[in-house]
Amino acid sequence: MRVIPNKVTESMDRIPAKWQFVVFLGATLIITIALTILAYSLYLISGTAQLDLSRPGYKQALSEVSPTDTDNYDFSATGDLDRKALDEFKNKYDTLIGKTKGYSAFDPGALSDEQLNLNDTSVIGPQ
Amino acid sequence: MTRKPIRHFLILTMFALTVGLVSVPVWAAETTDESSEINDTQAQQIRQNCKQAQSVLQRLQSTDVATRINRGRIYENLLNRLIAPFNSRVGANRYDASTLTGTTSAISQKFIDFKNDYISYADSFSSLLSINCESDPRGFYRLLTNTRSARERVANDIAELNTSIDRYTDTFMMLRTSIEGR
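Line order of the protein sequences matches chains A and B.
For the first sequence, the positions run 1 to 127 when the numbering used here is used.
For the second sequence, the positions run 1001 to 1182 when the numbering used here is used.
If you are wondering where the hints come from, they were derived from the structure by calculation, not from laboratory data.
One or more of the hints may lead you astray.
What the hints assert, rightly or not - Derived list of chain A stretches under chain B, where covered just means 3 residues or more per stretch with a C-beta under 8 Å from a C-beta of chain B:
# : segment
1 : 45 to 57
2 : 86 to 93
3 : 101 to 107
To be verified - BS3-like cross-link-like pairs, simulated, lysine-lysine; straight-line CA separation at most 25 Å:
#  : chain 1 : residue 1 : chain 2 : residue 2
4  : A       : K101      : B       : K1115
5  : B       : K1051     : A       : K59
6  : A       : K101      : A       : K90
7  : A       : K84       : A       : K99
8  : B       : K1115     : A       : K99
9  : A       : K92       : B       : K1115
10 : A       : K99       : A       : K59
11 : A       : K59       : B       : K1115
12 : A       : K7        : A       : K18
13 : A       : K59       : A       : K101
Claimed, not checked - Over 12 Å on every C-beta distance to chain A, these chain B residues come out as not near it, computed from the model:
#  : residue
14 : S1098
15 : A1106
16 : S1108
17 : G1139
18 : D1157
We put the beta carbon where it would ideally sit given N, CA and C, even for glycine.
Make a model of the complete structure from these sequences and hints.
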């Protein structure tokens, strides 16, 4: 475990005393920049960025997100599988499925020329 | 004497650069199919209606992210808190859970596709909003066409998720009939 710290100490000892602080500072900066780039890239690639409502311009989205569902959907993995258990599962299942119907299904028509008023000739002036 | 620290310094620099370059996201290449090409009249229309279109797009982007979060929560609850424990319980009671498990895998896979395709769609949408449609209407329309395709993929994922969920419902109903018939 002490091999790496020892090697770092050895390497630092080889550097002339007047440069040690500069090299240490440079290495620290490089490592910090690399880790920051890595963290930011993970933030972008993982999809967190696309769902981050704290970004500017997402105030409206924040109000449209349903508050955390407090309903109990937990179904026990143990116990008998009788009529009562089946009914309990079906009720919770239907409730959850029903909730998806309240949300858009990313209708492709929302980006059509008509929706974006891109084929509205009335606003075109003389060419 | 001072060569080794310099070498270490260079290695660290190379490492930092490699990490930076490798982790920069690769943006989707722009496709140029016929549907994304526009004539001069259409370009003029886009220029004229640019501000209005961008305002509609901004509202849509905001609605979409809320929809993605809301739908995502429902699918996660469905899979983790309801379906997975139910499948375990079916197995624990010595009933055949293979069909249920197979359908559950299909739902999980479609949910993963939905999440990944949404990321591509959101990236494409952000690029679309960053382009100035007044100065570059052709570039704007090309990106709009890409974003439409990405949105269509997300819509297909939801349709397929719904189909898999319907299949699970059917399998559950068959199991229920067989259990209650005993």
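Legend entry - Violated hints - listed by number, lowest first: Checked against the structure, the only hint that fails is number 18, while the rest are satisfied.
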